[in-house]
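Peer 1: Residues per chain are reported as follows:
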Amino acid sequence: MAILEEPIKEVVKLKNYINGEWVESKSDEILDIVNPATQKVISKVPMSTPDEVNEAITAAKEAYPEWRTTTPLARVRCLFRLKELMEENFEQLSRVQTQEHGKTIDESRGETRRGIEMVEVATGIPSLMMGYNLEDIATGIDESVIYQPLGAFGHIAPFNFPFMVPLWFSPFAMATGNTFVVKPSPRDPISQVKIAELVDEAGIPPGVYNVIHGGAEAASILMEHKDIKGITFVGSTKVGKDIYKKCGETGKRVIAQTSAKNFMVVMPDADIAGTIPALMTSFFGNAGQRCLAGANLVIVGKDDSFYNKVLDAFVDTASKIRVGYGLDESTQMGPMQSIDGKERALGYIEKGIAEGGKLLLDGRKADIIGDYPDTCFVGPTIFSDVNPEMTIAREEIFGPVASVMRAKDLNEAIEIANRSNFGNANAIFTSSGKAAREFQYRVETGNIGVNIGIVAPMAFFPFSGMKDSFFGVLHGQGKDVIRFFTESKVVIQRWL
Amino acid sequence: MKLNTASEVISFTKKLEEQSATFYKELSQRYVKNEDIFLSFVNENKKNIIQVERAYYGVISDALEGCFAFTVDTDEYLLTTELSEKTDYSEALERAIDIEEKIIKFYLDAAEQSKSFLADVPRAFKIIAKKRENNRKTALKALLRKGE
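Same order as they appear, the protein sequences are chains A and B.
139 is the number that the numbering used here gives to position 139 of the first sequence; each next residue is one higher, with no gaps.
1119 is the number that the numbering used here gives to position 119 of the second sequence; each next residue is one higher, with no gaps.
Treat the hints with care, since some could be wrong.
[Said to hold, decoys possible] Within a straight-line C-alpha distance of at most 20 Å, the following computed SDA-like cross-link-like pairs (lysine to any residue) qualify:
1. B:Lys1115 with A:Gly274
2. B:Lys1002 with A:Asp316
3. B:Lys1115 with A:Ile8
4. B:Lys1115 with A:Asp312
5. A:Lys320 with B:Met1001
6. A:Lys320 with B:Ser1040
It is worth saying that the hints were derived from the structure and are not from the lab.
Build the full structure now, drawing on both the sequences and the hints.
Peer 2: Have a look at this one:
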């Protein structure tokens, strides 16, 4: 199969999108954006100055009063246009993700589709934002709730889903009448620039949506700024906790979706043929760089033959995964997004060996399809004989490394999973409704899969999370995010 | 060649439909009497591509097993579409039926492989296979029976 054409052909320095204008940063701190598969520099990104971040926040603040009074119908018409533009540019948007992030083209298209779905759901705001009322709470007195927007919100984006994750929030923020400042990850910010181009073309008024490039300093300004009403964040637990604390001090709302260590529990009655592809996607999709990725595989039962059957199929299928450039259609797993990410994964593999894990599949020297430098590539890696106390079983690796362990029964599997500090997404593979119900009832995790490897909630459901995987009250997506972006105002009235 | 990813399979589907369209276009030029029938097949091929792409782009999700949904061996579905000068009408129709059978087999095999993993895509495959079996193959067989 041929390599699909790369959409980014020349290196340009990215601009900020502030108040409807493309503004060149005055910063002299410029980072390279590198295609992780080819190691070619594809763009340059400025680390914007504090003044520039403040300008973006001011633009969002000043755009708010007019945008807030724009009717919900008029606001969602802008989003309908944005959706149409995203559909028209679907393939280009997807290929940009592969070029800047490294994921396979199927994964990128999937990310684009999920991003568009957020915009689609947000267009339902005229219904979704309705309040409620009750006549005669006392004779002649009526009470109602109205939902109102709050002002300017900030978003600090992760690198692993450069297109989709900011869309978990931005369409809902705009549809509810708020304004928005996105700070993309400096590793792969081009997708957000492409979205801003479409926002501009869709006729969303200046200042309603802003993109500011930068790193930790820009993020700090966003979370500490008095004119920002709330922060949405997706990233590590360490940073998420810090954001939650800082925003608490300044009274900001927060959604912080953070790290994970997800358990995939395979019961003795699971359909193995159907389970293995789901496990491949779960553990090795997006090169393991997702908060919903499987990390620990728990094979349940005392039957050695079942354990060996599942393990052999898991290792055998993973060993055949085609690792390469995501724009090669035959590639099933791309590189990791950065050298840092790769080194982190390699460090954990070393730890796994040192702590007594049995390395059944070693991805440290990946067999790459095509002539690409191995700089960011890590092949599928599988450890067996892992116990829940080992570092590789407890900490988030964020790479294609699977730890296999055994549990004598479902009860033990749930206890192992619940010992984790994290609670993002666990799944059970079984043909027993009783086992699935027990798992769903007891397991301490925000998102639960039954025969599903990637438990990714749709746009109209909240993206849940518990324990060290989430800080906040309301989640991203669904009705939760609409509540997050609105204040409930209660009106009690009596006419004399 | 083995295909595993959804992207590869969708591209391969497009290739099969295009090869088939080229073949029928040539038949329409050679056998003008049945030009309308053959050109309608060409149009249908284009619609099939749209239908498959629409299903794929509409449901593809990073959460589905897009990269692990297939084990398609393209050697099983190689089409012979070239017609020599000597190929007569009956032989050409037999060739067309053979092409249809291979494409139907491809669609059904691909649908079976991906039925648990790719939402609406296998359904689109099955619909096209059924349409080919019931309409196109039947029409080709009728032409063959009727003779030149």
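Peer 1: Within 20 Å, alpha carbon to alpha carbon, are Lys1002 (chain B) and Asp316 (chain A)?
Peer 2: Measuring from Cα to Cα gives roughly 17 Å; hence the hint holds.
Peer 1: For the pair we were handed, Lys1115 (chain B) and Asp312 (chain A), check the Cα-Cα distance against 20 Å.
Peer 2: With Cα atoms ~24 Å apart, Lys1115 (chain B) and Asp312 (chain A) exceed 20 Å; violated.
Peer 1: Do the alpha carbons of Lys320 (chain A) and Ser1040 (chain B) lie within 20 Å of each other, as the hint requires?
Peer 2: violated (42 Å)
Peer 1: Between Lys320 (chain A) and Met1001 (chain B), is the straight-line Cα distance small enough, at 20 Å or below?
Peer 2: holds (15 Å)
Peer 1: Has the given pair, Lys1115 (chain B) with Gly274 (chain A), been kept, meaning a C-alpha gap of at most 20 Å?
Peer 2: holds (10 Å)
Peer 1: If you draw a straight line from the CA of Lys1115 (chain B) to the CA of Ile8 (chain A), is it 20 Å or shorter?
Peer 2: With Cα atoms ~35 Å apart, Lys1115 (chain B) and Ile8 (chain A) exceed 20 Å; violated.
Of the numbered hints given earlier, the model fails hints 3, 4, 6; all others are met.
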